[in-house]
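Residue numbers (the numbering used here), protein chains in the order written: chain E, 13 to 240; chain L, 119 to 289; chain X, 415 to 804.
Quick list of in silico lysine-lysine cross-link-like pairs, BS3-like style, CA-CA up to 25 Å:
hint, chain 1, residue 1, chain 2, residue 2
1, L, K133, L, K211
2, X, K683, E, K82
3, X, K764, E, K138
4, X, K725, X, K598
5, E, K138, X, K683
6, X, K683, X, K610
7, X, K598, X, K610
8, E, K205, X, K764
9, E, K82, X, K764
10, L, K234, L, K201
11, L, K211, L, K126
12, X, K731, X, K598
13, X, K731, E, K205
14, L, K211, L, K140
15, E, K205, L, K234
16, X, K755, E, K205
17, E, K138, E, K78
18, L, K140, L, K126
19, E, K82, E, K138
20, X, K755, X, K731
21, L, K201, L, K211
Across the chosen pairs, the derived CB separations fall in these ranges:
hint, chain 1, residue 1, chain 2, residue 2, range
22, X, R615, L, E205, 44 to 50 Å
23, E, G180, X, L626, 46 to 52 Å
24, E, S196, X, R669, 41 to 47 Å
25, L, R282, E, E206, 40 to 46 Å
26, L, G172, X, R615, 26 to 32 Å
27, L, G289, X, V614, 34 to 40 Å
28, L, P241, X, P733, 47 to 53 Å
29, X, D599, L, P285, 32 to 38 Å
Listing some non-contacts, in silico: residues in chain X with all C-beta distances to chain L over 12 Å:
hint, residue
30, G604
31, A611
32, R617
33, Q634
34, G639
35, D681
36, H687
37, W697
38, R728
39, D757
Hints were generated in silico from the structure; no laboratory data involved.
Glycine included, each C-beta is placed from N, C-alpha and C at the ideal position.
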Amino acid sequence: MAEDTATASAEAPEIVIDERREELRAVFVAHLGEAVLDSVIKPGDGLWIRVATDAWAEAGRVAQGKADCKYFDFLSAIDWLPSPYGRYEDSALDVPFPPPMPERSAAVPGYAGGESRFQVLASVAKTGTDLRVLLKVDVPDDDPRLATWIRSYSGAAWHERETHEMFGISFDGNADLRNLYLPSAFEGHPLRKEFPLLARVVKPWPGIIDVEPMPGEDDEPSEGEGTE
Amino acid sequence: MGLVESGKMPKPLTKLLNLSRKYSIWAYQWGLACCAIEMGAAFASPRYDVMRLGVIPFPASPRQADLVVISGTVTDKIVPAIKRLYEQMPDPKYVISMGSCTNCGGPYWDSYSVTKGVDQIIPVDVYVPGCPPRPEALLEGVVLLQERIQNEDMAARWRGEQDRQEPIIVG
Amino acid sequence: MTLTDAQQLGYINAQAADGRVNVELETDDGMVLNMGPQHPATHGTLRLVARLDGEQVTSADVMCGYMHRGYEKLCEVRSYPQVTTLVNRIDWLGSFANEVPFILAAEQLMEVEAPPRAQWIRTLLFELSRIANVSLFIGDLALQLGAQTPAFYAFRDREFVLNQIESVTGGRFHPNFDRIGGLKDDLPKGWIAETKAAMVRLRAFCDEMEGLVYGNEIFQSRTRGVGIIPAAVAQSYGLSGANLRGSGVDWDLRRDANVGLVYDQLDWKVWTHPDGDSYSRCWVRLQEVREATTIVDQICDGLPSGAIMAKVPRIIKVPAGEAYIATENPLGQMGYYVVSKGDTGPFRVKIRSASFNNISIAPWLLRGVYVPDIITILASLYFILGDIDR
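Just chain E, same shape as in the assembly:
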């Protein structure tokens, strides 16, 4: 709800109230009520709203109608689980493959919180202004499935196709969830964190092998130099 938020502005030395974004948030709170689970305003920059899973389609309608954000920007998802491969920095042939998956509790959500591993994120905007709403929604872990936004924004169709392909999240009501990018026989969802980049698993990143001292520096690598 609106009261328990404003974390971003509360930490700043002076509290800046972004009235236009407060108003926009009030529209969502007024029409979605309890379904607005959390929200964050970065004054002068952005507005994040997290809505309940069941209210996703309704959130799209409110955004398009009452909030007057007619412009569909993008829709995608975030996998909050840390990658089991880290940043592949110490990958070598002797590392067991596949590595164990991180604990489910290791998934720490970002702005506006969240309880699930996957979150769908959509951005809509008001043309002619710099107002933009970033809507987030939790996707159930066991059955990644969400309502479609096609009724509110026609442009969502392709974005949902992409999200389906990259994260394996289904959208009820979107009949056309064929692969957009990859061949139909492709296995796996590339943007899930457990999807390995095999070239990196078998061959370490060349950037960390040939670390040479910069000209004019001491021969021994300075702090952090040799490992980054």
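Given the coordinates of chain E, work out where chains L and X should sit on it, guided by the hints.
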């Protein structure tokens, strides 16, 4: 025609044949990504003007082409099309692989959808490195290929006696 | 052929998804026309499968992915400075513009601001890449309508802009010049005068094209009233750039949501056109090139002196947080949603590229048009494959 097939080409005739082949290369542009624009600059812009080297860059179909310039990122999805294109071309045919992506995957060496080098699917005669290579680099690749064509023994190639030559690397 | 429609389309789609190339197929009620994946009219490796009734398109399907390189995944395993090398290659005609929103997003998370001179030079290079991009579009547009000469002119005059970009950044195409906190280098000596001379040439190029292409009767009759996008539909599909402004929506992020660049200190105009047809989209682009040349001139005159790099640590670690920055790139809005966990590289990067949204309207737009109009509509939507597939 019969002379080549008989495998008994007199030397001066070979030279003449090679000279005419060298200066009438029909190059098919298989532009895929960024390099396609540099290829366009080399082939279609007045500043670089590839036609002065005797290369005709606008064949209507790969069936009329002697040379194909593969420029840009080769993804696993486009591979069947490239393979088919190569098979459509009549012999003798040459391939220039332009740019890091086409040579070896380039900046996408760790990607899940990029083929790490077009030489995995078709044989390559000239590699032009760079990301993207300057048009001049592509022109040098064309000139080096022309030199190779000049020194080829068509009859031996026809008989299958000539081994595949080592690819040229520009630069 | 006794296949049902559904079977037929299923077959085509299965082939398309596997990247196999099929030919034209005739069924009882209509014909299926395949264009691409390598077709001169599709700017690279786009594939279009259109169902025809006579000369009219009854439905069209766009197959992309032939240029999918997995940017969003690769960004997760690169460090912040390495990402700019990668994202250069998304929209390969206006490379520098790709770097800017990403760098701005990282700067916002790090709470670093580039010094004024760096911001001005960024804006300058941003506009130069717009000119380099869109001037080629104009030549290519004419090429697709059957005129070769403008393409030669475009390649000729574009080289002058590339020369200027190259003498600053060292790269004709992929500068990789933007850094978190500023720029890699300052402008070379004598560059300002050369740039102004190049801008004079480019303005002459615009005038030439306006007469040669836009004033051409054939061009007008092939583009006017063709492929009309109403403003509401354009917004619902998230079109941006000239495609949106060509439909009469007056929205330009450079003016309305300017972050980190100096557009608010310059005198320039946002061009719109009320018609929403192919012609208006192309027309808006031409005006934008001309406007960009005057912006470049103004920046050349008003360039402040000072440092070009703020103080940033050598090993860049971006504090945890989320930022979304979008800028008005040559093709339209390009945004990066960067999620950081305080590491040396981003945790997740969502790349919102302009062409992906711009081309997603094609199935809607192509329904009911005639076959030759497919070419002009696709040309006027103006997409770059790397920007669609990423």
